[in-house]
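S.K.: Knowing the structure of chain A, use the given hints to seat chain B on it.
Those protein sequence lines, which keep their order, are chains A and B. Note that the first sequence covers residues 1 to 518 in UniProt numbering. Note that the second sequence covers residues 1 to 327 in UniProt numbering.
Calculated from the structure, these hints are not laboratory results. Please read all numbers here as calculations on a predicted model, not as lab measurements. Quick reminder that beta carbons are idealized off the backbone N, C-alpha and C, glycines included. Please note that the accuracy of each hint is not assured.
To be verified - Simulated restraints, written as ranges between beta carbons of each label pair:
| # | chain 1 | residue 1 | chain 2 | residue 2 | range |
| --- | --- | --- | --- | --- | --- |
| 1 | A | Q321 | B | H268 | 49 to 55 Å |
| 2 | B | N129 | A | E133 | 55 to 61 Å |
| 3 | A | Q269 | B | V296 | 27 to 33 Å |
| 4 | B | N129 | A | K384 | 35 to 41 Å |
| 5 | A | Q349 | B | H261 | 47 to 53 Å |
Said to hold, decoys possible - In silico DSS-like pairs for lysine-lysine, Cα to Cα no more than 30 Å straight-line:
| # | chain 1 | residue 1 | chain 2 | residue 2 |
| --- | --- | --- | --- | --- |
| 6 | A | K119 | B | K314 |
| 7 | B | K209 | A | K71 |
| 8 | A | K330 | B | K183 |
| 9 | A | K123 | B | K314 |
| 10 | B | K209 | A | K111 |
| 11 | A | K110 | B | K314 |
| 12 | A | K307 | B | K209 |
| 13 | B | K210 | A | K71 |
| 14 | A | K122 | B | K235 |
| 15 | A | K440 | A | K384 |
| 16 | A | K115 | B | K183 |
| 17 | A | K123 | B | K210 |
| 18 | B | K209 | A | K119 |
| 19 | B | K314 | A | K56 |
| 20 | B | K314 | A | K114 |
| 21 | B | K210 | A | K115 |
| 22 | B | K210 | A | K122 |
| 23 | B | K209 | A | K115 |
What the hints assert, rightly or not - Facing chain B, a subset of chain A residues (Cβ under 8 Å, in silico):
| # | residue |
| --- | --- |
| 24 | N73 |
| 25 | P75 |
| 26 | P393 |
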Amino acid sequence: MSDYILQMKNISKTFPGVKALDNVELEVKKGEVHALIGENGAGKSTLIKILAGIHKPDPGAKFYFEGEEAKINKPIDATLKGVSIIYQDLSLFPNLSVAENIYIGQDSNKKPWKKINWKNIKKTAERALEELEVDIDPNTTVERLSIAQQQLVEIARALAFEAKLIVMDEPTSALSSSEVEKLYKVVDKLSSRGISIIFISHKLKELFRVSDRFTVLRDGKYVGSYQTEEIDEAKLINLMVGRDVSYEKNEKEVETGEIIFQVSNFSKQGNFKDISFSLKKGEVLGITGLVGSGRTELAQAIFGVNKPDSGELKIYGNYVQIRSSADAVKKGVAYIPEARQTQGLVLEQSIINNISLPILNRMRNKLKLIDRKSEVQLAEQYIKSLDVRPALPDLPASKLSGGNQQKVVIGKWLSAQPKILIIDEPTNGIDIGAKTEIHKLLRRLANDGIGVIMISSELPEILAVSDRVLVMRHGRISGELGIKEATQEKIMSYALNSGKKDDSSDVLHESNQVSQGV
Amino acid sequence: MKELLKQKEISILAIILLIGAVLSFVSPVFLTVGNFLDIIEGNVVLGILAIGMTLIIITSDIDVSVAAVTTAVAVSIGYLFTYLPDSWISVLLLFLIAPVIGLVMGLVNGLLVSIIEIPAIVVTLGTLNIIAGIVLYITNGNYINSTSFPTSFMEFANYELLGIPILIYLLAIVAIGTWYILKHTLIGRSVLAIGGNTQSSVRVGIDYKKVKLFVFAYMGVLAGIAAIAQTAYTKAVDPNGMLGLELTVIAAVVLGGANIHGGRGSVHGTLLGVLLLAIMQNGMILARIDTYWQNVVTGAIIVIAVSYDHISYKRSQDKLAKIEVEA
Numbered sequence: 001m002s003d004y005i006l007q008m009k010n011i012s013k014t015f016p017g018v019k020a021l022d023n024v025e026l027e028v029k030k031g032e033v034h035a036l037i038g039e040n041g042a043g044k045s046t047l048i049k050i051l052a053g054i055h056k057p058d059p060g061a062k063f064y065f066e067g068e069e070a071k072i073n074k075p076i077d078a079t080l081k082g083v084s085i086i087y088q089d090l091s092l093f094p095n096l097s098v099a100e101n102i103y104i105g106q107d108s109n110k111k112p113w114k115k116i117n118w119k120n121i122k123k124t125a126e127r128a129l130e131e132l133e134v135d136i137d138p139n140t141t142v143e144r145l146s147i148a149q150q151q152l153v154e155i156a157r158a159l160a161f162e163a164k165l166i167v168m169d170e171p172t173s174a175l176s177s178s179e180v181e182k183l184y185k186v187v188d189k190l191s192s193r194g195i196s197i198i199f200i201s202h203k204l205k206e207l208f209r210v211s212d213r214f215t216v217l218r219d220g221k222y223v224g225s226y227q228t229e230e231i232d233e234a235k236l237i238n239l240m241v242g243r244d245v246s247y248e249k250n251e252k253e254v255e256t257g258e259i260i261f262q263v264s265n266f267s268k269q270g271n272f273k274d275i276s277f278s279l280k281k282g283e284v285l286g287i288t289g290l291v292g293s294g295r296t297e298l299a300q301a302i303f304g305v306n307k308p309d310s311g312e313l314k315i316y317g318n319y320v321q322i323r324s325s326a327d328a329v330k331k332g333v334a335y336i337p338e339a340r341q342t343q344g345l346v347l348e349q350s351i352i353n354n355i356s357l358p359i360l361n362r363m364r365n366k367l368k369l370i371d372r373k374s375e376v377q378l379a380e381q382y383i384k385s386l387d388v389r390p391a392l393p394d395l396p397a398s399k400l401s402g403g404n405q406q407k408v409v410i411g412k413w414l415s416a417q418p419k420i421l422i423i424d425e426p427t428n429g430i431d432i433g434a435k436t437e438i439h440k441l442l443r444r445l446a447n448d449g450i451g452v453i454m455i456s457s458e459l460p461e462i463l464a465v466s467d468r469v470l471v472m473r474h475g476r477i478s479g480e481l482g483i484k485e486a487t488q489e490k491i492m493s494y495a496l497n498s499g500k501k502d503d504s505s506d507v508l509h510e511s512n513q514v515s516q517g518v
Numbered sequence: 001m002k003e004l005l006k007q008k009e010i011s012i013l014a015i016i017l018l019i020g021a022v023l024s025f026v027s028p029v030f031l032t033v034g035n036f037l038d039i040i041e042g043n044v045v046l047g048i049l050a051i052g053m054t055l056i057i058i059t060s061d062i063d064v065s066v067a068a069v070t071t072a073v074a075v076s077i078g079y080l081f082t083y084l085p086d087s088w089i090s091v092l093l094l095f096l097i098a099p100v101i102g103l104v105m106g107l108v109n110g111l112l113v114s115i116i117e118i119p120a121i122v123v124t125l126g127t128l129n130i131i132a133g134i135v136l137y138i139t140n141g142n143y144i145n146s147t148s149f150p151t152s153f154m155e156f157a158n159y160e161l162l163g164i165p166i167l168i169y170l171l172a173i174v175a176i177g178t179w180y181i182l183k184h185t186l187i188g189r190s191v192l193a194i195g196g197n198t199q200s201s202v203r204v205g206i207d208y209k210k211v212k213l214f215v216f217a218y219m220g221v222l223a224g225i226a227a228i229a230q231t232a233y234t235k236a237v238d239p240n241g242m243l244g245l246e247l248t249v250i251a252a253v254v255l256g257g258a259n260i261h262g263g264r265g266s267v268h269g270t271l272l273g274v275l276l277l278a279i280m281q282n283g284m285i286l287a288r289i290d291t292y293w294q295n296v297v298t299g300a301i302i303v304i305a306v307s308y309d310h311i312s313y314k315r316s317q318d319k320l321a322k323i324e325v326e327a
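Isolated chain B, as found in the complex:
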């Protein structure tokens, strides 16, 4: 039990419960199943992307191109709709094509980071601009709305199973799949290992370049899936709709207890981080607080969380005496 309480995830859960308790007093709507399903469905895209980002942050890298990649895939989906016949097979096909498009872009990031060894922030800032530029060139910034969507896709988007929207199942599948990879496969353990100590991983024979390539490629695949979710949720393709989303994604991961220095992070933690951001957003809307404040509060929480992490890291380092001085 003590071990459990020490975990960061527990403190995030406590904060969520606290905010939830406050909000249920402020607004009677907050504590309803409908509101909860709305909150989750509205944050499926954030959740899927944050899960992918978790792996990258565990390896102590970062990917700021996620929103651009997702947008690019979403735009591709919009164009595909004009070529694909209107049937459920097309929807299935979409789940094949969209991840592959994302994968290609993820691989570009991954190759530059792992093989040429350019810092990930530089690589992904570059690809962010390249991709965003191309998207604007192709679309002219124009938005594709649902009138040109095939009905099969609209049916998929509105489908509910046991009263729960399909997109929530999609998030659950991604979450469980990634948890399985992280916990039960060799590559997943390697992700944690290189994040814990890259030098040690070289010494025990882990090919850290492959692992880095994997996390960026996987991020690409999830961006492809997130693009489908985004298109289904907004029932439109907006080339500017996800501007700046990468920062919220990174925020959710860091809030979820992942360490920016690498080595620590979990799928369930990240989901709690997403939930915390989502509830704050929802709460502020219900409490009719100006939405601009949301950014301020989110930013402040991130800075506090990361500072706390870093200070406790430094303290633990200081405790290690360097030399055994003779008495």
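Extracted from the complex, chain A is given alone in its bound form:
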């Protein structure tokens, strides 16, 4: 018998245009709590989806369960091997009862006309809930439970399946600190019973609290597996961000002018709190932080789609109130969202139609009809200045590569002549060459006098483009760094903890206090 409940080897995964995983391995011992660590986009979720049978790995991947080789082609294969996965967004049925949610899937091999044994469902659920020592009525519908309770229902489901390996994908992201403590206890209990757990998280203190061993992924590559007690926080951050490939860091001191944009005391319940910052002419301000730190919510608040509860905005020294996204455009703020394809472009329409979209009302002739000639002219101008390839104005946006699509989106918003451009994850899913082009473009826009705010999870990108970096954590600005002093390690420690960096025990201590204070 093998010591390992699970061994995954040679795991690669190529999505169109992106290599999400490159020869990754993962080994989990029986009864251990194994943390899977990495930045946003490091490949943790992809790896788990491969384990779950949702994604198919590239050829050559090998899976071993308790030392024996196995094939995972679809979700049921993983389930039969004793793998239960608790996704961050949970896999529950809000309209069904707790008991059904716990039992569901157990019969999926059986004939569709098979009569359901309600007694058995209830008994299985009660037993699983008892084992977890939680007090949830199996007859209530899941939509009436809190997130923490829903999570317990998922864990109960895993127990009902007699799972040998439970994967928890960022299980604490939606829990309050007292609920988190309870979850830790459940994890401890499960592992003491011999169930292995893969715990995915990017909260460092959490990993030190629960895990026995951990595996680090970075940019889709395997960095290594370590005993938790062998390592301290500073070393861990280094493992997470220490990259071989990187862009050149932006070292040039730019001349910045007057303050053109100022946000003061922006707060919104459940989104962000006390956000104040300013932006100078000619400057690129980088905003980073982990996914879920409130970056995107803040950007949307500035743009008027996610109205803040309180706070003020100043553009060129004048107070402005932004009531809607249309209002924002009118007042000179442009926002390019992360989901370029769904929110930024009308994919089936031509480059021309996409670029002229925000300013159609300025494109009208005397008869108040849209003047095609000026539309074409406008598009050609941006295709040239942004170097969109192929330079065919009539081409539908869907036919362009990711990088060129992004240029069209940028062109579209430049046509509205914004004073401030907010761009969210500008190079998400774009290949390396095109990324550098987009970076240069953003710098050029700043030099031309547009205030650029760039939100990004990619630290090398933040360092390559920004003049100043704001780091967000839990809805607050946890640090501000000039580009000269900024390093990936410093940014990461602000993103993970509330500030101090050198002494790891100090940081741990501090963040503990913070969480107790909540």
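M.R.: Relative to the frame of chain A, chain B by itself:
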């Protein structure tokens, strides 16, 4: 008890009782057993179709071809009468053939929706037009009346058991059968599961394509049965007789508490929805209100019911905070 009161079905029942109370003052005929049996028998077709539609709406799809499919089966029955010998075996045979014809059409819808993954509204709008077109081509829009019906079928149509018309039993069988499927079989629970959360169902190993195929196929079978009921009730086959009925069917299901976004709906709720529409119709006739108003009132009730649903859904979504902000 509190749980019970929270259920939508209870509020529909309350509305029905309220309207019933008003109507019994307006017309002395309303509160009679005879009137009630008339109301129910007159809405058997609507009821059977609405029960099938309930399953489709639970999976968050829709089928606008039901009336056309039912008409097509009814026309087929009309033609079959000339070939089948006049005996009770033929009537039994009809209960085999008609559902199979409906099943074939349901399967076409189901395959297009589940395998090719075309939105159901588009698929069924297409099949609605195709089927309706073929029916008109074959019949020339001509109506077949009862003079060409076999006497065995007429006897079946007029049969009463314990003073209750046979068609009401037919509705009851369909209702109980569907309730059983929904509550007690694996496929029925899968219908509710994929309506609740399709992604979760994939993760727990439910084949949602099969489930979608099933609901459309089942709708076809029930359309076949509804066609027999329609032929028996009207004692004629009218190629234009069910024009626009699909909207009333969908209305009944939505009024019965099924959620257009999927995941929620029940046979008893739908039956209450049918009853509510039926009583309103009956009441307006008894109260001699212009029948055109009926459409207006029905439409208004649907819009209000769906808006109410959607607003409360949005409110519950807003309550979920996205980020735990540090104090």
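S.K.: So, for every hint listed, does it hold in this structure?
M.R.: Outcome of the hint check:
Remark: the range hint 49 to 55 Å for A:Q321 to B:H268 is upheld by a beta-carbon distance near 52 Å. Between B:N129 and A:E133 the beta carbons are some 59 Å apart, a value that agrees with the proposed interval 55 to 61 Å. At about 42 Å, the CB distance of A:Q269 to B:V296 disagrees with the hint of 27 to 33 Å. The hinted window of 35 to 41 Å between B:N129 and A:K384 is violated, with their beta carbons roughly 48 Å apart.
Between A:Q349 and B:H261 the beta carbon distance is about 29 Å. The supplied range of 47 to 53 Å is therefore violated. Distance check on the hinted pair: A:K119 and B:K314 sit about 35 Å apart at the alpha-carbon level, beyond 30 Å; violated. Distance check on the hinted pair: B:K209 and A:K71 sit about 24 Å apart at the alpha-carbon level, within 30 Å; holds. At most 30 Å may separate the alpha-carbon atoms for a hinted pair to count; A:K330 and B:K183 exceed this at roughly 55 Å.
In summary, the hint linking A:K123 to B:K314 is not supported, as the alpha carbons are separated by about 35 Å, beyond the 30 Å threshold. Distance check on the hinted pair: B:K209 and A:K111 sit about 15 Å apart at the alpha-carbon level, within 30 Å; holds. Proposed proximity of A:K110 and B:K314 is contradicted: the alpha carbons are some 37 Å apart, above 30 Å. As the CA atoms of A:K307 and B:K209 are separated by approximately 40 Å, the hinted pair breaks the 30 Å bound.
Of the supplied pair hints, the one linking B:K210 and A:K71 holds, its CA atoms being roughly 24 Å apart against a limit of 30 Å. Between A:K122 and B:K235, the direct Cα distance comes to roughly 49 Å. Violation of the 30 Å bound is thereby established for this hinted pair. A C-alpha spacing of about 15 Å is found between A:K440 and A:K384, which places the hinted pair at or below 30 Å, so the restraint holds. Restraint check for A:K115 and B:K183: the C-alpha separation of about 9 Å stays at or below 30 Å, so the hint holds.
For a cut-off of 30 Å, the pair hint linking A:K123 to B:K210 stands: about 28 Å separates their Cα positions. At roughly 28 Å between alpha-carbon atoms, B:K209 and A:K119 fall within 30 Å of each other, so this suggested pair holds. Between the alpha carbons of B:K314 and A:K56 the distance comes to roughly 36 Å, so the proposed pair goes past 30 Å and is violated. Between B:K314 and A:K114 the CA atoms are separated by roughly 37 Å; this puts the pair beyond 30 Å, and the hint is violated.
For the hint pairing B:K210 with A:K115, the CA-to-CA distance comes to about 18 Å; that is within 30 Å, so the pair holds. Distance check on the hinted pair: B:K210 and A:K122 sit about 26 Å apart at the alpha-carbon level, within 30 Å; holds. For the hint pairing B:K209 with A:K115, the CA-to-CA distance comes to about 21 Å; that is within 30 Å, so the pair holds. Hint status for A:N73: violated, given a least beta-carbon distance of 12 Å to chain B, over 8 Å.
Hint status for A:P75 relative to chain B: holds, with the closest Cβ pair at about 5 Å, below 8 Å. Because the smallest distance between the Cβ of A:P393 and any Cβ of chain B comes to about 31 Å, over 8 Å, the interface hint for this residue is violated.
Against the hints set out earlier in the document, violations occur for numbers 3, 4, 5, 6, 8, 9, 11, 12, 14, 19, 20, 24 and 26.
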